[in-house]
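Asker: Keeping their order, the protein sequence lines are chains A and B. With the working numbering applied, the first sequence closes on residue 1609, and no number is skipped along the way. With the working numbering applied, the second sequence closes on residue 532, and no number is skipped along the way.
Since the hints were made in silico from the structure, they are not lab data. Just so it is clear, the structure is predicted and the values come from calculations on it, not from any experiment. One thing to keep in mind: the hints can contain errors.
Covered stretches of chain A, going by a simulated chain B footprint (3 or more residues, C-beta under 8 Å) [said to hold, decoys possible]:
no.	stretch
1	1507 to 1513
2	1522 to 1536
3	1573 to 1581
C-beta atoms are modelled at their ideal positions from N, C-alpha and C, and glycine is treated no differently.
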Amino acid sequence: MQHHDIPGTTVFDGEQAQKGYALNAMCYSFNAAANRDEFKRDEDAYCTKYGLNEEQRTAIRERNVLKLLAAGGNVYYLAKFAGILNLNVQDIGAQQTGMSVDAFKEKLAAAGR
Amino acid sequence: MAQIVGAIATSHIPAIGKAIAEKRQNDPYWKPFFDGYAAAHAWLKQARPDVVVMIYNDHGLNFFLDKMPTFAVGAAAQYRSEDEGWGLPVLNSFPGDAALSWHVIEHLVADEFDVVSCQDMAVDHGFTVPMNLMFPDAGGQWPVKTLPVSINTVQHPLPSPARCWKLGRAIGRAIESYPKDLRVVVFGTGGLSHQLDGTRAGFINKKFDLYCLDTIVRDPEALTKLSVIDLVREAGAQGVEFLNWIAMRGALLGNVSQVHRNYHIPISNTAGATLVLENRTAAQSQAA
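Construct all of the structure, not just a fragment, from the sequences and the given hints.
Answerer: Below, the structure is given as structure tokens:
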């Protein structure tokens, strides 16, 4: 759900949880190294195994965090996908805000001043 | 009787666990954060806890969306650390105290908190990082038994701050009615303000965090007037982990004083914070 007074934020509620179930289930499976390896060997087959829809598959293929969220992804499970790609939370923060990683880190530091 | 001698609140992000594993505590980036723990270590040494009640949130290790408990309580002899998918070292298992867990579960349900009990439970960074931070010399031989309490901060609706406060009160009453002479410290983990997702990623709110740090010590019930959506707005989508802190504070039934606090921005995408609170009974306060 979007709240009009909280910009750039989707509250992960029942509607999102239903929409993103398959995508989040796939990302949850990445807790296990064997599953991460299986995904890396054949991404498409792994997405099929978990029943991802076209929107979710495209977002996975493009490594696009905002599209993954729009497709029902929850950031705690998506973080496990980011782990496979060796992306940390500054990398995905920069991607979502359209900033360079350095500019994103500076934004974080500026919040302390 | 068991006694809650105090509480510690601390950040728990995975990056802290990584910094510990890589021994980066003295790097200029990390030093202002890790320096905040010396006072917590000194306090723990004199507090001599037998048990830590760990109020935290699971981030997709033990629980998935197939079954998402609002409140879950561990009831195992051991809690496993496991691979979370991004390279944090797996730690030695944490000893539990199943008899104490069942005592707490029975009291909570009698107190109308219908918790999920877990005899098989893996604990993620929300639990393991604080243990690593507070017992840096343990070498995997954890010096306390643990009792995990997991609050859902993943899938809305989340329990309200008022509900988490009451849960904490009920945990406090349950522990203090346990007939064994145990010294108990409550940990509340996570926060403070941060947001990982959406175009608002990187949101940090120093003003609100400082309000929370002040208020949770001297007037915690004021925080129970906030809604979960207030927390999302003011603390960020993942800043709702402050619910764990509110429950922790609720468990302190005596006279509470602040021993130590540290606040530093940024650690990874968050405002890092540590708070050490002492909990004295009326008799102890008079004697002091």
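Asker: If a hint holds in the structure, say so; if it does not, say that too.
Answerer: Going through the hints against the structure:
no.	hint	verdict
1	1507 to 1513	holds (count 5)
2	1522 to 1536	holds (count 7)
3	1573 to 1581	holds (count 7)
Comparing the model with each numbered hint stated earlier shows that all of them hold.
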